[in-house]
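Trainee: Residue numbers (our numbering), protein chains in the order written: chain H, 1 to 412; chain A, 413 to 824.
Source of the hints: derived by calculation from the structure; they are not laboratory data. A hint or two may mislead.
List time: in silico DSS-like cross-link candidates among lysine-lysine, alpha-carbon distance up to 25 Å [stated by the list, open to error]:
#1 H:Lys266 - A:Lys421
#2 A:Lys505 - H:Lys87
#3 A:Lys810 - H:Lys117
#4 A:Lys414 - H:Lys118
#5 A:Lys424 - A:Lys761
#6 A:Lys489 - H:Lys118
#7 H:Lys163 - A:Lys588
#8 A:Lys805 - H:Lys121
#9 H:Lys360 - A:Lys424
#10 A:Lys588 - H:Lys5
#11 A:Lys722 - A:Lys761
#12 H:Lys365 - A:Lys536
#13 A:Lys489 - H:Lys136
#14 A:Lys805 - H:Lys5
#15 H:Lys5 - A:Lys586
#16 H:Lys124 - A:Lys805
To list a few chain A residues with every Cβ distance to chain H over 12 Å, as calculated [stated by the list, open to error]:
#17 Glu564
#18 Glu601
#19 Gly628
#20 Asp800
All C-beta atoms, glycine included, are put in the ideal place defined by N, C-alpha and C.
2 protein chains.
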Amino acid sequence: MKQSKLFTKISKEISKEETSKNAQLLIRAGFIDKLMSGVYSYLPLGLMVFKKIENIIREEMNNISGQEVLLPALLPKENWEKTGRWKYPEMLKLQNRAGKDFSLGWTHEEIITPLVKKFVKSYKDLPIYVYQFQNKFRDELRAKSGLLRGIEFSMKDLYSFHKNQEDLDEYYEKVKAAYFKIFKRCGLEKVTFLTLASGGAFAKYSHEFQTETLSGEDEIYFCKKCDLAINKEIIEEEKHICPECGGKDLEIKKSIEVGNIFKLGKRFSEPFDFMFRDKDGKENPIIMGCYGIGLGRLMGTIVEIYNDEKGIIWPKEVSPFSVHLIAIESSEKVKNAAEKLYKNLQEEKIEVLYDDREDKTAGEKFAECDLIGIPTRIVVSERTLEKDCVEVKKRSEKESKLVKINEVSSSL
Amino acid sequence: MKQSKLFTKISKEISKEETSKNAQLLIRAGFIDKLMSGVYSYLPLGLMVFKKIENIIREEMNNISGQEVLLPALLPKENWEKTGRWKYPEMLKLQNRAGKDFSLGWTHEEIITPLVKKFVKSYKDLPIYVYQFQNKFRDELRAKSGLLRGIEFSMKDLYSFHKNQEDLDEYYEKVKAAYFKIFKRCGLEKVTFLTLASGGAFAKYSHEFQTETLSGEDEIYFCKKCDLAINKEIIEEEKHICPECGGKDLEIKKSIEVGNIFKLGKRFSEPFDFMFRDKDGKENPIIMGCYGIGLGRLMGTIVEIYNDEKGIIWPKEVSPFSVHLIAIESSEKVKNAAEKLYKNLQEEKIEVLYDDREDKTAGEKFAECDLIGIPTRIVVSERTLEKDCVEVKKRSEKESKLVKINEVSSSL
Numbered sequence: 001m002k003q004s005k006l007f008t009k010i011s012k013e014i015s016k017e018e019t020s021k022n023a024q025l026l027i028r029a030g031f032i033d034k035l036m037s038g039v040y041s042y043l044p045l046g047l048m049v050f051k052k053i054e055n056i057i058r059e060e061m062n063n064i065s066g067q068e069v070l071l072p073a074l075l076p077k078e079n080w081e082k083t084g085r086w087k088y089p090e091m092l093k094l095q096n097r098a099g100k101d102f103s104l105g106w107t108h109e110e111i112i113t114p115l116v117k118k119f120v121k122s123y124k125d126l127p128i129y130v131y132q133f134q135n136k137f138r139d140e141l142r143a144k145s146g147l148l149r150g151i152e153f154s155m156k157d158l159y160s161f162h163k164n165q166e167d168l169d170e171y172y173e174k175v176k177a178a179y180f181k182i183f184k185r186c187g188l189e190k191v192t193f194l195t196l197a198s199g200g201a202f203a204k205y206s207h208e209f210q211t212e213t214l215s216g217e218d219e220i221y222f223c224k225k226c227d228l229a230i231n232k233e234i235i236e237e238e239k240h241i242c243p244e245c246g247g248k249d250l251e252i253k254k255s256i257e258v259g260n261i262f263k264l265g266k267r268f269s270e271p272f273d274f275m276f277r278d279k280d281g282k283e284n285p286i287i288m289g290c291y292g293i294g295l296g297r298l299m300g301t302i303v304e305i306y307n308d309e310k311g312i313i314w315p316k317e318v319s320p321f322s323v324h325l326i327a328i329e330s331s332e333k334v335k336n337a338a339e340k341l342y343k344n345l346q347e348e349k350i351e352v353l354y355d356d357r358e359d360k361t362a363g364e365k366f367a368e369c370d371l372i373g374i375p376t377r378i379v380v381s382e383r384t385l386e387k388d389c390v391e392v393k394k395r396s397e398k399e400s401k402l403v404k405i406n407e408v409s410s411s412l
Numbered sequence: 413m414k415q416s417k418l419f420t421k422i423s424k425e426i427s428k429e430e431t432s433k434n435a436q437l438l439i440r441a442g443f444i445d446k447l448m449s450g451v452y453s454y455l456p457l458g459l460m461v462f463k464k465i466e467n468i469i470r471e472e473m474n475n476i477s478g479q480e481v482l483l484p485a486l487l488p489k490e491n492w493e494k495t496g497r498w499k500y501p502e503m504l505k506l507q508n509r510a511g512k513d514f515s516l517g518w519t520h521e522e523i524i525t526p527l528v529k530k531f532v533k534s535y536k537d538l539p540i541y542v543y544q545f546q547n548k549f550r551d552e553l554r555a556k557s558g559l560l561r562g563i564e565f566s567m568k569d570l571y572s573f574h575k576n577q578e579d580l581d582e583y584y585e586k587v588k589a590a591y592f593k594i595f596k597r598c599g600l601e602k603v604t605f606l607t608l609a610s611g612g613a614f615a616k617y618s619h620e621f622q623t624e625t626l627s628g629e630d631e632i633y634f635c636k637k638c639d640l641a642i643n644k645e646i647i648e649e650e651k652h653i654c655p656e657c658g659g660k661d662l663e664i665k666k667s668i669e670v671g672n673i674f675k676l677g678k679r680f681s682e683p684f685d686f687m688f689r690d691k692d693g694k695e696n697p698i699i700m701g702c703y704g705i706g707l708g709r710l711m712g713t714i715v716e717i718y719n720d721e722k723g724i725i726w727p728k729e730v731s732p733f734s735v736h737l738i739a740i741e742s743s744e745k746v747k748n749a750a751e752k753l754y755k756n757l758q759e760e761k762i763e764v765l766y767d768d769r770e771d772k773t774a775g776e777k778f779a780e781c782d783l784i785g786i787p788t789r790i791v792v793s794e795r796t797l798e799k800d801c802v803e804v805k806k807r808s809e810k811e812s813k814l815v816k817i818n819e820v821s822s823s824l
C-alpha cells in the first residue's frame, strides 16, 4: 500500500486522557481512534493487525476441530433468566418499543447451549466444538486501559460439548496447547504463563493465561519452589501458600489476562435440560467447557510488551505489513527504483507499506516509521543507489546494512 | 469438510412461524438458526456463505480504493444530537449504570464524519473512501421476512468524502459500477435494477438496487417507454408519471432492496463543522456520499431467487462449497475411492463437502444434497466404479453424466 493513499496520519500529540501505553501509541500511529471511554474504532492499520490476530486464532481453532459460527450480540432476557444471570451487574440491558427486554452479550453460553442442543440426541453426535468471533459488551465503569479493558470488545469464544468428564479433560489440554501456539505466534510466548484461577462449582481450578508486564492490572504469584503461577484470588483463598506444594516463597508480578479456559461441567446444560443418550440408551447431561481470548486486549498487550521510546515494534506475524519501504529525496532515479522494488516485493507476496510521500523529510519519515513499528525498514536514496543497494534495518535492532537491490527479497 | 463432522443436521420440519422462503430453507438446511424474531445465528454452512459474500464486497470496495475500518456498534448520544437524529424511532437506545445514554448503530455517518475530520485539513487530503462491515441494529416491529429484514444485521457501509460535487458525482458512478459487479458475482445480475429513489435535501434522486422477486416487500415501477425503474415513493410523488420521459405506461413488480447509494452533500459535514482548505486557502464544507449493502439481506435474496421444490441452488461464487461429494454404499472399495477423490480435489484447491456418513441411505443423502444446494454433486458408488467413473450432476440441471474418475477435477 502506498502511504500517500492512507487516510490516517501520524499525530504528534498524546491525548491527556489516554494514560495507557497501548492507547497512546496506537492512537498516535493511526491504528485506532477513541470514540469514548472503552470504545475504539479500528482504522486501516489497526484493522490489519486485528485481522492477523483473528486469523492466527482461527487457524489454531480449526486445528483443534473448532467449527466457526456467528451468534447475535442482541440477546433475549429469557435465556439469561434460565441460568440466573439476568442480574449480572455488568450486563448492558435495553428494551425495544414493544417493551421486550434484551441484553448485549458479554458471553454466549446462554445462546450456544440451547442452539447446540437442537442437533444432539445421542453420544454419537458428540463431542462438538464451536467457536465464534463477536463483539461483546460490558458495562465497565473504569475503562482506562486502552484496548486492555473495553466496554465494546471483540472476543473469540469457543464452547465444547462432551459426553463425560474424561473427554472434556482431554480436549481442555488440547485447547491449552492451542492457546500457547496462539500466544507464541503473537510474540508473547516467553512472557505468558498458565495460571491457576478459581474454577467455580464444577472444577477445583480453571486456568488463565497471564502475560507479564509492568503495566498489567492483574497480579500473579510464582511459587519459587514448584514454579507454579497462581492468580491473586486463589492465593488469597489459600492464605499465601502454594496450593500445589505448600511453598511460601512467592514472587509477585504484574500481568494482563490474555485468555482463560474453564471447565463448565453441567452449569449450563442443566438449566437448558441438555441431555444425550449414551450407549445403553440412558439419558445423561452434557459436560461443557468454554475458552476465551479477547482480540483487542491481545493487540493491546502486544503493544504494551513490544515498544520503545520511538514507538511500536510489531512481532512479525501480527504486523500490518512485513516491510516499510521508504523513498528519500524525490529525484526521478530514487522514485523509479523505489517503485520498481515496491512492485517486485508485492509480486513476491511480501506485504509492503511504501512511503512515497513527497512532502515529508527523511527525518519525519524515519520517525513515523519507528512509531508505526513494521519489522523491516528498507530505505532507497541517492546514496544507496550509487552502490546499487538499499539500506535494510530491523525495527528491533540498531544497526542497518546495505543490501544489493536485486537481493532484497531473498534476504527478507 | 467431512459431513460426518458437521455439527448441524438437516431438519425435516418447517417452523410454522417462519413464513419466508429464505428462512425456511436456510433453517431446514442448517445454515442459520433463529434466536428470536429478526435475530439469527449463522451456523457453519451459513457463515461460509456469509464470508463469501463479504469477500466479494471487500474485493470490489478495495477495487474502488475503499479503505476498510471497523467502527463501534455502541454509540454515544452526543453524536446523534449534533445531527438531530437521536429521535429516530427505530433506534435502539440504552443507558449504562452511570446513566450515560447510548444507541446501537443503525448507520454510521455520525461516527465516521468526525473521525475522518481528524485527518483532513486541505484539498490535498481528499478524496477519502472508507468502508466497514459491522452489525447494525434497528427496532423493527415487523421482522417476519427471515434474513430480509433484521433487528440485528450485518451491513457494508462505505462513506466518501469529496472537495466538490463533481468529484462526488464521479465517484458515485464508480460505486454504481462496483455494486453491479457485486450483484453479478452473487448471481443477481439479470434481476437487479438501478431504481430511482428519494434523494433528500441535497440531490434530486438517490438510487436503490432492487432485485425482482415475487416475495419482495417493495414495489418498483418500470416505465415501458424509457425503461427506467422507479421506486414506489417517487412514483406516488410524481402521480404515476415517469419523471424521466413523462410516460404513463408503468409495469409494477415486487422486489427487494439489496443496496442503496446516496449523495449526502453537506448533510453531515455541516453539523460536524467538517471543512477543508482549497487551493486558494479558502475554507469549504466537505461533500459526502454513502453507500450500503446488507449482507444477510443479500444472502436471503439469493435464496429467494435460487430455489426449487427440493431446496436451495447456490450461485457458484457464494456457495459454501463447490462440490458435494457423496459416497453411497459403504463398501471398502467405494469408501477408498471417495476418500482418494476427496483428497485429490482438496489438493486442487476445490472446496468439497464430503458426505462420508454411513448411517444414511442414498435417498436421504440425495435429498439433503438438493436441500443444501451446492452447485455440483459427485456420486461415487459400486456401479459408477465398475466403469472407473463417478456420476456428476449440476444442482441446476436434471441430467447427470458419468465422468472418468481421473478426469473429474479437470471437468469441473
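Trainee: So, for every hint listed, does it hold in this structure?
Mentor: Status of each hint after checking the structure:
{"no.": "1", "hint": "H:Lys266 - A:Lys421", "result": "24 Å, holds"}
{"no.": "2", "hint": "A:Lys505 - H:Lys87", "result": "19 Å, holds"}
{"no.": "3", "hint": "A:Lys810 - H:Lys117", "result": "36 Å, violated"}
{"no.": "4", "hint": "A:Lys414 - H:Lys118", "result": "20 Å, holds"}
{"no.": "5", "hint": "A:Lys424 - A:Lys761", "result": "32 Å, violated"}
{"no.": "6", "hint": "A:Lys489 - H:Lys118", "result": "39 Å, violated"}
{"no.": "7", "hint": "H:Lys163 - A:Lys588", "result": "53 Å, violated"}
{"no.": "8", "hint": "A:Lys805 - H:Lys121", "result": "33 Å, violated"}
{"no.": "9", "hint": "H:Lys360 - A:Lys424", "result": "65 Å, violated"}
{"no.": "10", "hint": "A:Lys588 - H:Lys5", "result": "22 Å, holds"}
{"no.": "11", "hint": "A:Lys722 - A:Lys761", "result": "28 Å, violated"}
{"no.": "12", "hint": "H:Lys365 - A:Lys536", "result": "18 Å, holds"}
{"no.": "13", "hint": "A:Lys489 - H:Lys136", "result": "20 Å, holds"}
{"no.": "14", "hint": "A:Lys805 - H:Lys5", "result": "47 Å, violated"}
{"no.": "15", "hint": "H:Lys5 - A:Lys586", "result": "18 Å, holds"}
{"no.": "16", "hint": "H:Lys124 - A:Lys805", "result": "31 Å, violated"}
{"no.": "17", "hint": "Glu564", "result": "5 Å, violated"}
{"no.": "18", "hint": "Glu601", "result": "27 Å, holds"}
{"no.": "19", "hint": "Gly628", "result": "25 Å, holds"}
{"no.": "20", "hint": "Asp800", "result": "34 Å, holds"}
Violated hints, listed in ascending order, are 3, 5, 6, 7, 8, 9, 11, 14, 16, 17; each of the other numbered hints is respected by the structure.
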